[in-house]
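Here the structure of chain A is known, so what remains is to put chain B in place on it, guided by the hints.
Protein chains: 2
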Amino acid sequence: MADSKPLPCADGDPVAMEALLREVFSIVVDEAVLKGTSASEKCHYSIKKGAAFLGLGTDSVRVVKADERGKMVPEDLERQIRLAEAEGAVPFLVSATSGTTVLGAFDPLEAIADVCQRHGLWLHVDAAWGGSVLLSQTHKHLLDGIQVADSVTWNPHKLLGAGLQCSALLLRDTSNLLKRCHGSQASYLFQQDKFYDVALDTGDKVVQCGRHVDCLKLWLMWKAQGGQGLELRVDRAFALARYLLEEVKKREGFELVMEPEFLNVCFWFVPPSLGQQRSPNYSQELAQVAPALKERMVKEGSMMIGYQPHGARVNFFRVVVANPALTRADVDFLLDELERLGRDL
Amino acid sequence: MADSKPLPCADGDPVAMEALLREVFSIVVDEAVLKGTSASEKCHYSIKKGAAFLGLGTDSVRVVKADERGKMVPEDLERQIRLAEAEGAVPFLVSATSGTTVLGAFDPLEAIADVCQRHGLWLHVDAAWGGSVLLSQTHKHLLDGIQVADSVTWNPHKLLGAGLQCSALLLRDTSNLLKRCHGSQASYLFQQDKFYDVALDTGDKVVQCGRHVDCLKLWLMWKAQGGQGLELRVDRAFALARYLLEEVKKREGFELVMEPEFLNVCFWFVPPSLGQQRSPNYSQELAQVAPALKERMVKEGSMMIGYQPHGARVNFFRVVVANPALTRADVDFLLDELERLGRDL
Chain A
208 MADSKPLPCA
218 DGDPVAMEAL
228 LREVFSIVVD
238 EAVLKGTSAS
248 EKCHYSIKKG
258 AAFLGLGTDS
268 VRVVKADERG
278 KMVPEDLERQ
288 IRLAEAEGAV
298 PFLVSATSGT
308 TVLGAFDPLE
318 AIADVCQRHG
328 LWLHVDAAWG
338 GSVLLSQTHK
348 HLLDGIQVAD
358 SVTWNPHKLL
368 GAGLQCSALL
378 LRDTSNLLKR
388 CHGSQASYLF
398 QQDKFYDVAL
408 DTGDKVVQCG
418 RHVDCLKLWL
428 MWKAQGGQGL
438 ELRVDRAFAL
448 ARYLLEEVKK
458 REGFELVMEP
468 EFLNVCFWFV
478 PPSLGQQRSP
488 NYSQELAQVA
498 PALKERMVKE
508 GSMMIGYQPH
518 GARVNFFRVV
528 VANPALTRAD
538 VDFLLDELER
548 LGRDL
Chain B
208 MADSKPLPCA
218 DGDPVAMEAL
228 LREVFSIVVD
238 EAVLKGTSAS
248 EKCHYSIKKG
258 AAFLGLGTDS
268 VRVVKADERG
278 KMVPEDLERQ
288 IRLAEAEGAV
298 PFLVSATSGT
308 TVLGAFDPLE
318 AIADVCQRHG
328 LWLHVDAAWG
338 GSVLLSQTHK
348 HLLDGIQVAD
358 SVTWNPHKLL
368 GAGLQCSALL
378 LRDTSNLLKR
388 CHGSQASYLF
398 QQDKFYDVAL
408 DTGDKVVQCG
418 RHVDCLKLWL
428 MWKAQGGQGL
438 ELRVDRAFAL
448 ARYLLEEVKK
458 REGFELVMEP
468 EFLNVCFWFV
478 PPSLGQQRSP
488 NYSQELAQVA
498 PALKERMVKE
508 GSMMIGYQPH
518 GARVNFFRVV
528 VANPALTRAD
538 VDFLLDELER
548 LGRDL
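Chains as they are written, first to last, in our numbering: chain A, 208 to 552; chain B, 208 to 552.
A hint or two may mislead.
Since the list can't tell identical chains apart, any single copy or any two copies may satisfy a pair.
What the hints assert, rightly or not - The list that follows gives simulated cross-link-like pairs (lysine-lysine, BS3-like), each with its CA atoms no further than 30 Å apart:
#1 Lys-401 - Lys-506
#2 Lys-347 - Lys-272
#3 Lys-456 - Lys-401
#4 Lys-457 - Lys-424
#5 Lys-412 - Lys-424
#6 Lys-506 - Lys-347
#7 Lys-401 - Lys-347
#8 Lys-506 - Lys-430
#9 Lys-401 - Lys-386
#10 Lys-506 - Lys-272
#11 Lys-430 - Lys-412
#12 Lys-272 - Lys-412
#13 Lys-430 - Lys-457
#14 Lys-430 - Lys-347
#15 Lys-424 - Lys-272
#16 Lys-457 - Lys-272
#17 Lys-457 - Lys-347
#18 Lys-430 - Lys-456
None of these hints come from the bench; they were simulated from the model.
Just so it is clear, the structure is predicted and the values come from calculations on it, not from any experiment.
This is chain A alone, in the form it adopts within the complex (with noise of 0.2 Å):
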């Protein structure tokens, strides 16, 4: 972890790829007493489902605090380790966030890797949506630190575009541990009497049997756009991103939740009745708006935008714009359909 040698995905070198589940992060699960992984409290649900898949128990997994942009405080994960020591926890992984779901926040990795060298802890970088990024030579920054990670998620179905599913596990081991944590050496699937190099087969060192052949996608696309098409996609993404922001700005009856630095465009939309004049139940009404809007683009077979809450945020919009057949005019579209549709609410 120490060492600076840079991962496969910044060499672009999707041969040192593993194709796996985003769910799945390696854990050496005989190596050591599993008490104790730490995860920002904005990072993704599947760290304490994996937790509880594993048998760990989701109270395995500490929650460090999240700044209001969504970033992890390296100071408190610094705590909640130490916080977890004193109880006789082991702590032994730490999972930080490049592109959260809903805010798209990067977690400070070169501090949160500080930490975890310190303290002799595996660093995971859940990259599946901010992990693309890298291919772009402007944008790449937001990464910085990600070149001493232990393993990262990469998902190249969400911001590149592949087909639904293509996740990868970048690892820095090459001790081979994925087939010393999965293989179950079952010789009637994975004979060893093969005419070529059985280090090729890959079949034995994964969670699943059957499956499909998901990094050929990726393979191929990458083949067919070239590095500098998918850093175009990227670059594109993040224009039109700033598009929307600069229209969202603009427009009367959209407020927005935050300067974004990422793809994720959060919004409210107020409609005029809520507008002009603050009732005491404003919060609990603006909480309203955006459900009954997407009942309504739902029935209406216009559109499918996304909506949460977010701690203290009410219900707000989540625009994240990565289809590379998206434009301007699509932009413009979604701004007044929402207008249309929420003008009488």
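Same frame as chain A, but now just chain B:
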């Protein structure tokens, strides 16, 4: 478990189906001391792998004896349960198999169900391979007893030819067990304030987050082919396997491993050089035939046939006749090609 209401699959009701990974058998992990599941020695390796993943450990899986046809011996199941209990373990699940991977064996479900009922154990049937036989009036007797199972795994992507992957977990439970086991109430993804009944949303009941709607493939296929069309597919596969079997018996140089009860036709190809006079090293020499032939067919690009050893039996071919596009001409080609490629071995 004791009641005899048929499982949804027997009714052909896909609505009741829960698409899940085959590896994941649902266990209420917080309700009991988890020690002791039982599976036959011919069961799929995913049973042990699942136990490892769930944190139960592979030692928690007790292996039950199988007879020479690969079927679980119910008397040994009874014995293993008593042994486990005597050691202070708490058995909770028996995994029977309908259609083992290599021999295509069907465990005697009725006798196994009796044992489960006596001991109050959850009966899981891994019918990933054999489950589709239920669609055939002629052959469904192979699964007699499955109607009392608590859970059944079924992969329509195997015998029915649905696109990989399409896996179902059928549950007798009507208490929303999957939600209680897997639900993580991530409010930012699974909104509860929707305009329709959110009980219809399956996202929070399954293991993965972003995933294919794999059950759609089954639904579409069922709509297109109808119950009769799928039955025909199963019956034709049985007829073609029967043809392959008769040809294998007729031809010199082919030796049947055993009379099949399903679509797995297992045989050795014995090259002329081995067939004349059996040397003291016959078994060792025979073991090398299948890998050598496999290398030749792969390099030739003409066929792909699986082989494996099985208990004391050395490497033999396992031809599984399932593809609905196969004809007798393909079976003839397969045997001719094996003769051609293996003639000088």
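Here's how the hints hold up against the structure:
{"no.": "1", "hint": "Lys-401 - Lys-506", "in the structure": "between (56 Å within a copy, 12 Å between copies)"}
{"no.": "2", "hint": "Lys-347 - Lys-272", "in the structure": "within (25 Å within a copy, 57 Å between copies)"}
{"no.": "3", "hint": "Lys-456 - Lys-401", "in the structure": "between (63 Å within a copy, 28 Å between copies)"}
{"no.": "4", "hint": "Lys-457 - Lys-424", "in the structure": "neither (39 Å within a copy, 45 Å between copies)"}
{"no.": "5", "hint": "Lys-412 - Lys-424", "in the structure": "both (20 Å within a copy, 27 Å between copies)"}
{"no.": "6", "hint": "Lys-506 - Lys-347", "in the structure": "neither (39 Å within a copy, 44 Å between copies)"}
{"no.": "7", "hint": "Lys-401 - Lys-347", "in the structure": "neither (42 Å within a copy, 37 Å between copies)"}
{"no.": "8", "hint": "Lys-506 - Lys-430", "in the structure": "between (40 Å within a copy, 26 Å between copies)"}
{"no.": "9", "hint": "Lys-401 - Lys-386", "in the structure": "within (18 Å within a copy, 43 Å between copies)"}
{"no.": "10", "hint": "Lys-506 - Lys-272", "in the structure": "neither (39 Å within a copy, 57 Å between copies)"}
{"no.": "11", "hint": "Lys-430 - Lys-412", "in the structure": "within (26 Å within a copy, 37 Å between copies)"}
{"no.": "12", "hint": "Lys-272 - Lys-412", "in the structure": "between (35 Å within a copy, 28 Å between copies)"}
{"no.": "13", "hint": "Lys-430 - Lys-457", "in the structure": "neither (40 Å within a copy, 50 Å between copies)"}
{"no.": "14", "hint": "Lys-430 - Lys-347", "in the structure": "within (21 Å within a copy, 48 Å between copies)"}
{"no.": "15", "hint": "Lys-424 - Lys-272", "in the structure": "neither (37 Å within a copy, 43 Å between copies)"}
{"no.": "16", "hint": "Lys-457 - Lys-272", "in the structure": "neither (33 Å within a copy, 73 Å between copies)"}
{"no.": "17", "hint": "Lys-457 - Lys-347", "in the structure": "within (29 Å within a copy, 66 Å between copies)"}
{"no.": "18", "hint": "Lys-430 - Lys-456", "in the structure": "neither (39 Å within a copy, 49 Å between copies)"}
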